[in-house]
Amino acid sequence: MPGRLPRVLRGKLLPPAMAIVFSALLCTVALLISAGSPGTALAAMVSQVGKGTTAVDILNSATIYYLIGVAVAIGFKMNLFNIGVEGQYRIGAVTGAIVGGATNLPPVLEPLLVILSAVAAGALYAALPAILKVTRGVSEVITTIMLNAVSIGILALLINEKTFGVLVNNNIATKPIPQSGWIPGVSFGSHGTLFGFVVVAIAVGIAYWVMLNRSRFGFELRASGESPTAAMAGGVNAKRMIVVAMLLSGATAGLTALPELLGRDHVYTQLSPQGYGFTGIAVALLGRNNPGGIAFGALLWAFLDQSAVSLDNVGVPKEIVTIMQGAIVLSVVVSYEVIRRFELAAEQRRVGAQLGTATVAAAGGAS
Amino acid sequence: MRRMRGVAVVAIALTSVVSLAACAKDSAGSGGGGSTTSQGAGGCKYTDPPKATAASTTTTSDKKVDASGLKVGLAYDIGGRGDASFNDAAAHGLDRAKAELGVKDVRETTATPNESDAAKEARLRQLAQDGYNPIVTVGYAYGLPLANVAKDFPGTRFAIVDSTVDNAPNVTPLTFTEEQGSFLVGVIAAYKSKACHVGFVGGVQVPLIQKFQAGFDLGAKTAAPGIKIEDQYITPAGDPGGYQDPPKGRLKAQGELSAGADVIYQAAGNSGKGIFQAVKEKGNAYAIGVDSDQYKQPTLADYRDVIISSMIKSVDLAVFDYLRAVAGGDLATLPKVFDLAVGGVGYATSGGRIDDIRDIVEAYKAEIISGGIKVPTTPAAG
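Chains as they are written, first to last, in our numbering: chain Y, 6 to 372; chain X, 1330 to 1711.
What the hints contain is simulated information worked out from the structure, not anything from laboratory work. Possibly wrong hints are sitting among the right ones.
Unchecked claim - The calculated lysine-lysine pairs, modelled on BS3-like cross-linking and capped at a C-alpha distance of 25 Å, are:
1) X/1665 x X/1427
2) X/1480 x Y/56
3) X/1625 x Y/323
4) Y/323 x X/1577
5) X/1557 x X/1427
6) Y/180 x X/1480
7) Y/56 x X/1400
8) X/1427 x X/1393
9) X/1609 x X/1577
10) X/1557 x X/1609
11) X/1400 x X/1374
12) X/1611 x X/1625
Computed from a prediction, not measured in an experiment: that's the story for all the values here.
Put together the whole structure using the sequences plus the hints.
The structure is reproduced here in structure tokens:
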């Protein structure tokens, strides 16, 4: 089949390419309207990569976005819309930080303990919506949004000075994780330090791919996602799939903040970043839940986030980045849909044509 | 497949909601407002104010310094220039330095909502790499990032508003004794309350805002030992939303007003507008502003008639003094803490609503400066 490869490429690569071009055009227009210079903006965005720690910063952010993106994708594959990754990763992070601050095991064991407790906390926090869904049929969208709000209260409680918090200047933080628990990074001198956790992110990506494509569970997951009724008829236990997918999603989300926690900050503060969960949703959408695609989405998102700093630095309104990110997500979804309909129509024509020739051929043979 | 598309639509909606929320800014309302006349002393039994008389000291020297050679970098917290709060105050300090010290080369950068510490670090690194020196960071959120960056640029001088950084000789902390200024507005509140019942509304329950509460509570209690005080925070620590939520601020203030309080002190950033609104709707009640002289702020003009005073935190003075000290090559002239004695904190008298009790407030002010009254930074338990 000579036309197969280009078509696959067209289906997979064309939509994101179209989306990026479209959003770049939109931003050019926005810049021209706001009296900014698209040339300056583009130059700043491109040249920033070679300057200082920017390249490493992008990879570091992408590591975080990748983990949370995979967490979201696991749910998406099962048609579970786990908005709760936001709460799950923060609960995981604060649990890891508290456990790490309270213990002092030898190296290797200490970070392992922090990772395991963060993963367990993330999974447990995801278990609530899963249980509600399978026993009571409550939509996970509603419960996870609610639990995100609840997680803010839990965090405030946990890092309070009366519980596990310590006052540092005007900030409240958990007790620092001892040095044995740190995961050393790869230093590039004046170009920054790459999080050692990037290895874990890659491992998670590989594990995700293997699980999807080479395991029975992955097959059942995809089957349930694509056609729940067919999967059920094939003997897949839908409730079990929901619970396991949700737990896996929460567990992966629990890893999200660990690159920063174990590689740089060593404490969780009341100012620690939030909002990675929503980035994860965008990144998973961009990457079409595909392990490689999510990596691409995470890198793109990290690059754009970093651009906000660089653009601000050359006097271009940094809000342009928010416009670009929004436009990309929007147009990626639209262009996938356009391409999908186009492919569907092409497929129908092709099948129709083949059927037509087949009928003619059969008719010809019979005569 | 249809479900998947639904999911996508929801995701887009959410993403845009998040960005919208990030961009949302309160626009100033418009409309008229009447004016009520100032009331005399209220319904409390007051202790005698201290006998000391006002003696304000100034440390500012009039030595001419030329800062035209300085490349000044400013890194604002979320909101940046134009937030009518402490970022704006820092910007005023910078503008004053431009006008009076001849500072020319300035680069101002602003944090994005929900950005990570990595972005803050990158912002500071880029400023330092481009040769900006000194670099002023506004807000304690820069504490951890600055600690990492300052190590790598030992030749660059940094300053940070509202925080200190340990083991960093090139970082100058610009901190304030918010509790002292809050003590004075606590005294004002006690004297202006007719019901002998006052209230405090904080934005987020973090140590910084608790300093405001601690000072206010003690000030009110010192002036009128029998006074009743309501203390509320809009959100708990970890949820910065409390600084950006006027409707919630309004609810909290309404709660305190209906409990009987008739003078409300707010330390809630942008949410303060909602608190002023509640006080104005209630009528026969007063509000006390924070950070800058809020009586004079154009965006709060509607509520001017209820704002009797403001606790002033002179971030602008600190930034200006710092830049002058750097230009003069003498950081040692800077006060360790911007306190009441050096004018780092104070209270506003615009509107003339507290003219009748100014002597009393000045007496307390002198007593704090002389060390006769020590104001704690954490609220008393219970």
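Satisfaction of hint between residue 1577 of chain X and residue 323 of chain Y, Cα-Cα up to 25 Å: Violated, at roughly 29 Å.
Restraint status (C-alpha distance of residue 1609 of chain X to residue 1577 of chain X at most 25 Å): holds, 16 Å
Given pair status - residue 1427 of chain X, residue 1665 of chain X, alpha carbons within 25 Å: holds, 24 Å
Hinted pair residue 1480 of chain X and residue 56 of chain Y, Cα distance within 25 Å: holds, 19 Å
Pair hint outcome, residue 180 of chain Y versus residue 1480 of chain X [Cα-Cα no greater than 25 Å]: holds, 22 Å
Straight-line alpha-carbon gap residue 1400 of chain X to residue 1374 of chain X, limit 25 Å: Violated, because 55 Å separates the two Cα atoms, which is more than 25 Å.
Residue 56 of chain Y paired with residue 1400 of chain X [C-alpha distance capped at 25 Å]: OK: residue 56 of chain Y and residue 1400 of chain X at ~20 Å, within 25 Å.
Straight-line alpha-carbon gap residue 1611 of chain X to residue 1625 of chain X, limit 25 Å: holds, 22 Å
25 Å Cα cutoff - pair residue 1557 of chain X, residue 1609 of chain X: Answer holds: residue 1557 of chain X to residue 1609 of chain X is near 21 Å, not above 25 Å.
25 Å limit on alpha-carbon distance, applied to hinted pair residue 1625 of chain X and residue 323 of chain Y: Cα-Cα ~30 Å, so violated.
Pairwise hint evaluation, residue 1393 of chain X against residue 1427 of chain X, where the allowed Cα distance is 25 Å at most: holds, 14 Å
25 Å Cα cutoff - pair residue 1557 of chain X, residue 1427 of chain X: violated, 46 Å
Checked against the numbered hints listed earlier, the structure breaks hints 3, 4, 5, 11; every other hint is satisfied.
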